[in-house]
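Protein chains: 2
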Amino acid sequence: MVDSHLSREIREQPAVLQTVLEREMEAVSSLAERLRQRAPRYVVLAARGSSDNAARYGQYLLGAFNGITAALATPSLYTLYRRPPSLKDALVIGVSQSGQSPDIVSVIAEGRSQGALTVAITNDTHSPLAQAAQTTLDLCAGPEYSLAATKTYTSSLMVLAMLSAAWAGDAERLVALQQTPQWAAAILEDLPHVLQIAERYRYMEACVVTGRGFNYATAFEVALKLKELTYIMAEPYSSADFQHGPVAIVEQGFPVLAVLPEGAAAQDMLTFLRSLQAREPELLVISPLAEALALAQTPLPLPVSIPEWLSPLLAVIPGQMFALGLTLARGYDPDHPRGLRKVTLTR
Amino acid sequence: MVDSHLSREIREQPAVLQTVLEREMEAVSSLAERLRQRAPRYVVLAARGSSDNAARYGQYLLGAFNGITAALATPSLYTLYRRPPSLKDALVIGVSQSGQSPDIVSVIAEGRSQGALTVAITNDTHSPLAQAAQTTLDLCAGPEYSLAATKTYTSSLMVLAMLSAAWAGDAERLVALQQTPQWAAAILEDLPHVLQIAERYRYMEACVVTGRGFNYATAFEVALKLKELTYIMAEPYSSADFQHGPVAIVEQGFPVLAVLPEGAAAQDMLTFLRSLQAREPELLVISPLAEALALAQTPLPLPVSIPEWLSPLLAVIPGQMFALGLTLARGYDPDHPRGLRKVTLTR
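Respectively, the protein sequence lines represent chains A and B.
For the first sequence, this note's numbering assigns the number 1 to the initial residue and increments by one for each residue that follows.
For the second sequence, this note's numbering assigns the number 1 to the initial residue and increments by one for each residue that follows.
No lab work stands behind these hints: they were computed from the structure.
Warning: the hint list may mix true and false statements.
Which copy? The list can't say, so a pair holds if one copy fits it or any two copies do.
[To be verified] Only pairs whose alpha carbons sit at most 25 Å apart, straight line, appear in this in silico SDA-like list of lysine to any residue:
1) Lys88 / Phe65
2) Lys88 / Tyr145
3) Lys88 / His5
4) Lys88 / Gln37
5) Lys88 / Gln182
6) Lys88 / Gln134
7) Lys88 / Pro307
8) Lys88 / Pro288
9) Lys88 / Gln114
10) Lys88 / Leu35
Chain A on its own, in the form it takes in the complex (with noise of 0.2 Å):
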């Protein structure tokens, strides 16, 4: 079982990451160029699952290093209401694997039509996200036969950092990147250990999973992750938000999967786990510090120092790991979750 698609596409992501670094600077450069000779006013990223997890990402790194606001669409807009709204100023990028889903091919059309630059970022340079968009950045991933995405995922997300890096002209950042399949690598080597310790959590009935600033979309990946494969109820708060009424729901033993990587957020995160300690959580933390991991009943530390704006593409992976020992510990099977499809025709 555990040479599933699954486990064998999780531990392709240092290649793909190598690949995509490889095969796309190219093109991404020279989207740069373009952007910083259209000098858009704000970004529009639409997706749908895993990609919109991934735009939760990108939605972080624009405003944090290219000083833009960047909104997630509302896709509903464009399709079910037929009122989209002006984009002519906007910079629009869809993310689907598949590039299948009609909603994101919609307002990736529409911001065309009204004279948007618009980007595709898909594993499928063919599907119609990448017709409907005037510049494609392909994913790189080979085919991922997993229903629940994961290289495809992380693929999605160095696409975003290298755009970011290379629309700021950020040769700093750029160097970094090319670091990010050898730190997946040493990430990697725990597998074992990890499926080891999901036995602890065979009879896990829900979780919440917390992440604040760039990892915020981690916490929502690696929640969807355990919901996909292991069904069970698993819900993603930045700490902040978490504050704000849902921490009503720990108890004694309730599991809180924190991810905790250095830097500027991870102050914010401790204060918000010891202030958690009253409660008696169950606590599993992703991270490289030391004082986070002592929190943690699970900790999973992180081999290797990186930089916070990049640690999406790397704490996920201990996520994605769980999420796989989850699945097996619990006798489901990992290729084939319970009523999915790999590509859903939302609109």
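With chain A fixed as given, assemble chain B onto it according to the hints.
Chain B only, in chain A's frame:
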């Protein structure tokens, strides 16, 4: 116990909606005039908790009727990372009943220092948020004693709806708004019945709340009430996002609460609920539509026909009543959820 603050504040909503319509229309009109002159390129909405759900409604309203893309702010860019994006072409709106949350104040203060048009929507016109913004719109809700926001939530939606209609100079929508208080009163007549119905869910451990388009916000808000008050895992989803993975969690008897008013999203929601039937979920449906109600184990009929864009102000009320009923059925205190404070100071 029925005479809790929460119960009283739920019942005060028609009066509060009436008050805000009467008292704030002048301020809204004068802001609308300035918006037509300034013509911002996009909107940034900053909020947390229930107010963030109101902001989500604002995203759809402003997109559909004012033709403008609205982004939900990412406050950590302004606070933890100190890398705020450019806001000079933006309208920046902060929504907070208390007006105290430092992260929301930071977004408004940054917008103002960059020369953006800034608006505070708050129940405390002397709060830090009101002081930071150029223009303040008052929720006129009077003191809200219950920790779970109800009347300040519907009042926030009303202020956003008034602003959208006035900005568009849409006389027909401004007239429709006047009927909201009486519609709310009609829905509240069902309170004793809904309290009784909640008994059936005494031992529910988790549920999904789903809505689409304008009522995506309602799904979030009803889920938040359930989490705050009854401590169950209630997860909000648009029907579209839900089909991209999380649908895997639905098995026989799994509770799904659907918000399904008349309008452009209704057919899509109906198709979605029918597609769920093979999994034999337990359906609770808030709707005026007989064919939607017929699918439900627990129909929560809306007794009035409401334009879809206004339905979030009203469709949330049966959800609030259901959350109150479940709180009482489970023997919890509706006014003092464990571990919550009325004002949450996140940064």
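_Intra/inter-copy verdict for lysine 88 and phenylalanine 65 if alpha-carbon distance must be at most 25 Å_ = both (23 Å within a copy, 17 Å between copies)
_Within a copy, between copies, both or neither: which one fits lysine 88 and glutamine 37 at a CA-CA cutoff of 25 Å?_
This pair counts as both: shortest intra-copy Cα distance 15 Å, inter-copy 19 Å.
_Copy assignment of lysine 88 with glutamine 134, given that the CA separation must stay at most 25 Å_ = within (14 Å within a copy, 28 Å between copies)
*asked:* Within, between, both or neither: how does the pair lysine 88, proline 288 come out at a Cα-Cα threshold of 25 Å?
replied: neither (43 Å within a copy, 38 Å between copies)
*Can you tell me if lysine 88 and glutamine 114 fall within 25 Å by alpha carbon in one copy, between copies, both or neither?*
Both: 6 Å inside a chain and 23 Å across chains, each within 25 Å.
*Is it within, between, both, or neither for lysine 88 and glutamine 182, if the alpha carbons may be no more than 25 Å apart?*
Cα proximity of lysine 88 and glutamine 182: none, with 40 Å in one copy and 41 Å across.
*Between copies, within a copy, both or neither: which fits lysine 88 and proline 307 at Cα up to 25 Å?*
neither (34 Å within a copy, 29 Å between copies)
*Could you figure out if lysine 88 and leucine 35 sit no more than 25 Å apart (CA to CA) within one copy, between two copies, both or neither?*
For lysine 88 and leucine 35, both the intra-copy (14 Å) and inter-copy (19 Å) Cα distances are at most 25 Å.
*Identical-chain pair category, lysine 88 with histidine 5, by Cα at 25 Å*: neither (42 Å within a copy, 48 Å between copies)
_Within, between, both or neither, where lysine 88 and tyrosine 145 count as close if Cα-Cα is 25 Å or less_ = Classified as neither: same-chain Cα gap 37 Å, cross-chain 45 Å, threshold 25 Å.
Of the numbered hints stated above, those contradicted by the structure are hints 2, 3, 5, 7, 8, listed in ascending order.
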